[in-house]
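Peer 1: Here's the letter readout for the chains.
Number of protein chains: 2
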Amino acid sequence: MELQISPLAVTLPALPPLAGVRLGAVEAGIRYRNRTDLVMLELAAGTTAAGVFTTNRCPGAPVDWCRAALKGGRARAVVVNAGNANVFTGRVGRDACAATAAAAAELVGCPAKQVMVASTGVIGEVLAVDRLTAALPGLHAALSEDGWEAAARGIMTTDTFPKAATRTARIGGAEVRITGIAKGSGMIAPDMATMLCFIATDAKIPAPALDALLRRGVGGSFNCTTVDSDTSTSDTVLLFATGQAKHPRVPAEGGRMLAGFAAALDDLLLDLALQVIRDGEGATKLVRIDVTGATTARSAKRIAMAVANSPLVKTAIAGEDANWGRIVMAVGKAGEPADRDRLSVAVGGVWMAKDGGVVPGYDETPVVAHMKGREIAIAVDLGLGRGKATAWTCDLTHGYIDINGSYRS
Amino acid sequence: MELQISPLAVTLPALPPLAGVRLGAVEAGIRYRNRTDLVMLELAAGTTAAGVFTTNRCPGAPVDWCRAALKGGRARAVVVNAGNANVFTGRVGRDACAATAAAAAELVGCPAKQVMVASTGVIGEVLAVDRLTAALPGLHAALSEDGWEAAARGIMTTDTFPKAATRTARIGGAEVRITGIAKGSGMIAPDMATMLCFIATDAKIPAPALDALLRRGVGGSFNCTTVDSDTSTSDTVLLFATGQAKHPRVPAEGGRMLAGFAAALDDLLLDLALQVIRDGEGATKLVRIDVTGATTARSAKRIAMAVANSPLVKTAIAGEDANWGRIVMAVGKAGEPADRDRLSVAVGGVWMAKDGGVVPGYDETPVVAHMKGREIAIAVDLGLGRGKATAWTCDLTHGYIDINGSYRS
Chain D
1 MELQISPLAV
11 TLPALPPLAG
21 VRLGAVEAGI
31 RYRNRTDLVM
41 LELAAGTTAA
51 GVFTTNRCPG
61 APVDWCRAAL
71 KGGRARAVVV
81 NAGNANVFTG
91 RVGRDACAAT
101 AAAAAELVGC
111 PAKQVMVAST
121 GVIGEVLAVD
131 RLTAALPGLH
141 AALSEDGWEA
151 AARGIMTTDT
161 FPKAATRTAR
171 IGGAEVRITG
181 IAKGSGMIAP
191 DMATMLCFIA
201 TDAKIPAPAL
211 DALLRRGVGG
221 SFNCTTVDSD
231 TSTSDTVLLF
241 ATGQAKHPRV
251 PAEGGRMLAG
261 FAAALDDLLL
271 DLALQVIRDG
281 EGATKLVRID
291 VTGATTARSA
301 KRIAMAVANS
311 PLVKTAIAGE
321 DANWGRIVMA
331 VGKAGEPADR
341 DRLSVAVGGV
351 WMAKDGGVVP
361 GYDETPVVAH
371 MKGREIAIAV
381 DLGLGRGKAT
391 AWTCDLTHGY
401 IDINGSYRS
Chain U
1001 MELQISPLAV
1011 TLPALPPLAG
1021 VRLGAVEAGI
1031 RYRNRTDLVM
1041 LELAAGTTAA
1051 GVFTTNRCPG
1061 APVDWCRAAL
1071 KGGRARAVVV
1081 NAGNANVFTG
1091 RVGRDACAAT
1101 AAAAAELVGC
1111 PAKQVMVAST
1121 GVIGEVLAVD
1131 RLTAALPGLH
1141 AALSEDGWEA
1151 AARGIMTTDT
1161 FPKAATRTAR
1171 IGGAEVRITG
1181 IAKGSGMIAP
1191 DMATMLCFIA
1201 TDAKIPAPAL
1211 DALLRRGVGG
1221 SFNCTTVDSD
1231 TSTSDTVLLF
1241 ATGQAKHPRV
1251 PAEGGRMLAG
1261 FAAALDDLLL
1271 DLALQVIRDG
1281 EGATKLVRID
1291 VTGATTARSA
1301 KRIAMAVANS
1311 PLVKTAIAGE
1321 DANWGRIVMA
1331 VGKAGEPADR
1341 DRLSVAVGGV
1351 WMAKDGGVVP
1361 GYDETPVVAH
1371 MKGREIAIAV
1381 DLGLGRGKAT
1391 AWTCDLTHGY
1401 IDINGSYRS
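Sequence lines, in order, name chains D and U.
Here the first sequence is numbered in our numbering, starting from 1 and rising by one per residue.
Here the second sequence is numbered in our numbering, starting from 1001 and rising by one per residue.
If we strip away everything but chain D, and leave its shape as in the complex, we get (with noise of 0.2 Å):
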């Protein structure tokens, strides 16, 4: 099946090298054909690492790979593969990370432990792990610090453009660099997606205080957003900071000095969260959802991603209905405290419905207007207490049954 792009693609942008990474994508032929689906990273000798991985309870054998390898705090190599997840696949699909960690470890010359594994497409099949040796060593002699916009296209599946982002940030006034590639377009949901996102910078940060960054970082992006509220069993975000940058020491608790590094990786994992939203399978809008007035934020997030994940309020953005109705229905399933009565809705800035009923006379023009655009605003006021937050989704359109109901054919 043909992929269109996304109408909601963005332009990658200039990817600089990053010291202390080289990377690059072959076609190994694992499953696809006549494109790269192996992709590797070498990172320098030192490299501190930190991840988060899918809540799902049956995770794919990669993810078990790396929880277990990043104890150690420390990575030298990353080999991913598109076209196969690698998921449910017993013995045999652990038997495939070890052998797939055992000889990048052996061109890098680090222990396999430090070789990081991650894996996406079908679920259930045996990975073809001899084509992905065998393909390894070339892959390995080509590496390269140009290599980013390569790897982001390794890694795509049902992907429509390649993602990435990159930020600079100073750390005791040294410059550093942040640069992350994000691939995911179906299976999106918070607490992670089919989304895999390689992220590496030139700082020498310490493993406890880069998965505390990572961690907060996430929990303000990739988990405020859902396509499809389904949970991926790989999902999986690593942080790489290989340390060639020259700056101040960081301690290990991280702190104050890395407060403009910390908003510039927050801002970076948004950008690539946002990413994967618009190519969000069969989108055509990209939605925000911003939730006010609720009695905590923990209520506000359940509240706003109810919305987000409301086939009937996804299907009417696709039709281009500002169907607050829908929205009203979406907050009141989510089983957390809300006020009929109290309870008010704008599309596009415009407060429709407020108080527990229709706003008499609101001007419908502007409303429909906003709809038609590529990039939808909807406000939740609960007028209950002062928690807030905000979640982004994309419509539910034609697009995505095709692709989901023909994915294996």
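No wet-lab data here; the hints were simulated from the structure.
Cβ coordinates follow ideal geometry from the N, Cα and C atoms, glycine included.
A short list of chain U residues far from chain D (calculated; beta carbon distances all over 12 Å): (1) 1074; (2) 1112; (3) 1145; (4) 1212; (5) 1271; (6) 1379.
Listed next, the stretches of chain D that the computed footprint assigns to chain U, with coverage defined by at least 3 CB atoms under 8 Å from CB atoms of chain U: (7) 44-58; (8) 77-91; (9) 340-349.
Place chain U on chain D using the hints.
Peer 2: Positioned in the frame of chain D, the structure of chain U alone reads:
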């Protein structure tokens, strides 16, 4: 938009009169043209009543009205309109319920609090209550014992076929009848749906016993079904006992003499719930999900509903793809205890995945044939305990997008 009749539609059964119920439908022109949209049931003096309603925190005004009115445990009439849900309509919505009940009460000769009201259709638009009350006297004058089919048709919205069921049971040796009608096709999720259901029996059952029977029955039927995970603001199931049949006195607490009646009621509720799923918006396949081996029954139900609500499972079924990998994903995303390496999945009775991996050399031929059928059976065994549950859903197709992307236009 012209809706085609669901390929899963079932034929309306013969609906004989039920002593103590007269009913009918009329064109009130509330929203639709050239079809009935207003239904009334008149119930014999002494009728007891019980109800179960949506868990949505933003319920419609009619739900509030019925909850309050049912405290008396008695009912003499029901008025239902289709086309406008009278939800999020503020004070005018509450006034509309009171005006409807008052008008019906005057016709029947009872207190307004013995009139139940229900509305289904668009949310957030003011109900044309004047048209409704203007049509009531003519409707009341034409009520008859033979009006069951007319009533089943008059409460439809996006439904493509009318839904009814009838059963007989014995109480203390005497035969009694139970007859019910239902509507619903989207916004269908556990703890009900845009689902209205009205059931009557000629048995004489005290209100507390009736309430207990209904709650138990709904738990095993409507609350185990889902079309799209969206929970309506209007869900209502009402059960009336007209007391016209001659049988020994039933105590307030019900008890063993109602065992046969309870079984017949449960069967009728499940029949109606599955008719709603068969009319799920865009549905082409009815899907049953049996979960066994969970740690508890509650856990099994959550897992079954996670599978039933997964857009990726539902689109795979639409594509006739026995994609058990997506079933594994959905089991894992439920957040309930699950051990990937003990998990087994069957489709159409064939175990495709067992003990954490694909079953080597399983015969795909019967599975492929099964997926082409109208009724799909999925079984999941967790291998952990004795908890089990069943859920029902339908597939997710282009038809769902068609219907919901243009509902208001």
